[in-house]
Amino acid sequence: MRVMAQMAMVMNLDKCIGCHTCSVTCKQAWTNRPGVEYVWFNNVETRPGQGYPRTYQDQREWQGGWVRTRTGRLKLRSGGRIKRMLSIFANPKLPKIQDYYEPWTYEYEHLLTAPAGEHTPVAQPTSLITGEPTKISWSANWDDSLAGGNELIASDPILARVSGQVKQEFETAFMFFLPRICEHCLNPSCAAACPSGAIYKRAEDGIVLVDQDNCRGWRMCITGCPYKKIYFNHRTGKAEKCTFCFPRVEIGMPTVCSETCVGRLRYIGLMLYDADAVGRAAAVKDETDLYEAQRSVFLDPRDPEVIRAAQAAGIPDDWIEAAQRSPVWDLIMKYEVALPLHPEYRTMPMVWYIPPLSPVVDVLRDTGHDGEDVDNLFGAIDALRIPVEYLAELFTAGDPAPVHAVLRKLAAMRSYQRRINLGETPDESIATAAGMTGPQIEDMYRLLAIAKYEDRYVIPAAHAETAAGLEELATGCSLDYEGGPGMGGPFGEASGRIAPVAVESFHVLAERQRADQHAEVTDPDAPPRRVNLLNWDGRGRPAGLFPPRQEEQPPGEQR
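Per the numbering used here, residue 135 is the first one in the sequence shown, and the count goes up by one each step.
Treat each hint with caution, since some may be false.
Unchecked claim - Straight line, CA to CA, 30 Å or less: simulated DSBU-like cross-link-like pairs of lysine-lysine:
{"#": "1", "residue 1": "K468", "residue 2": "K335"}
{"#": "2", "residue 1": "K161", "residue 2": "K269"}
{"#": "3", "residue 1": "K230", "residue 2": "K209"}
{"#": "4", "residue 1": "K586", "residue 2": "K468"}
{"#": "5", "residue 1": "K161", "residue 2": "K335"}
{"#": "6", "residue 1": "K335", "residue 2": "K230"}
{"#": "7", "residue 1": "K161", "residue 2": "K586"}
Hints were generated in silico from the structure; no laboratory data involved. Bear in mind the structure is a predicted one, so any value in this text is a computation, not a measurement.
Go ahead and model the full structure; you've got the sequences and the hints to work with.
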């Protein structure tokens, strides 16, 4: 048993109202700059729908994730090393900008400079990529709230698997919102597909990042990721992705999308898992067994044997204590109401979801039935407009049994708590019908419905002694031998070998900012290094950060 820690997230889809606040705040924090205008690290999709990029779930087309061979081993769906090397300069399995959308702005200047005339001037849309006039035809949430109608919904790859079971008439339409970020998988196929070794999984918290210095822009990671949550910055020639807001997480703060979520539907916590068991779990033969296989990888943080193994692995005691209080552990392992997104991709995703139940209650209420009565709720689960099979295709590789069990627990919680709120005697038979006890339902209700900030986000801060593990990897490109294809070339403004940069954790940086010494390097024999604003504490004048003062400039160079 090799114990490792992993930051994880659970989203309660019953609470998502599709306001896109999480997407906008993430956009402002991480991708509000040239080169990534079309990029949304966090996006909210309407289900059923095509998603972003369009039809990303159709792996027959996009070749993402892993597949199991006849011998029981895993290989990338996009092909082995030789195939990737042969297509490294012309990877055909990439979404086009039209599959995302061409970002645009408007000619607002024309509104101010247009001459006086009979008609009001119009601000025409222009592309943020080419700068030329463009026609708006798609966006990241174009089919939001079923706005695209039947002709767009019909292109949903998941809907195609359960064809005939879903009514698409608007009078009986049913939808729910699905927020998505990078899954920060235990078995990331993006990292395995990267020829440069630039994508890595941090050993201390499992967050998957892209080393911008080592990235050569091959874009194999975009093909390899089945969730299509890695993007190409067309200005820098580098791959970028959701960082799980690691600068915030390192000081115990939740991600921006979680912090600003209007519905308070996100939960963040630490999970302990057996790293030696990940490969076996991801390679189980039957796809419908992958959900339980991944759950078997997680370790009970209260088990004395697990605690001893975690301490021997160097996991700090406060991290172990945080894992014991983790809301993610409770939702996945204790109450068993959270499910992974597309476990059949075999990447072992670490962003899980509680499937929606609210529309069931609305259906019953609108038909004149008691929407909170447990018998009505249990019966209505089997008659959803969007059937359980659709949810199963999303969360359990097509197995409806776990989804049905989750929905029964959520229905039982609603009915059980309503009796309490009305001053009636709790009915233990309701809890028993869902395989739970009354106290368990009350605890689950407190977590799902009325949990406070500190209960939803249990995030241990980074430790100073682990700062070295937070630095960018020192490994070079696997193709950067002398004269090799990994050296230089037209793959971005900063391609080629450059001096590495160590990025400190914000916890360490906060401690250093309270120290007396300056950030500048005083050793004249120290190797050259670039100035990184993340490392500069605002004190002193590191060489190269500012241009020399006029009196410091050599004669003849003053301007």
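* Where does the structure disagree with the numbered hints, that is, which hint numbers, in rising order? -> none
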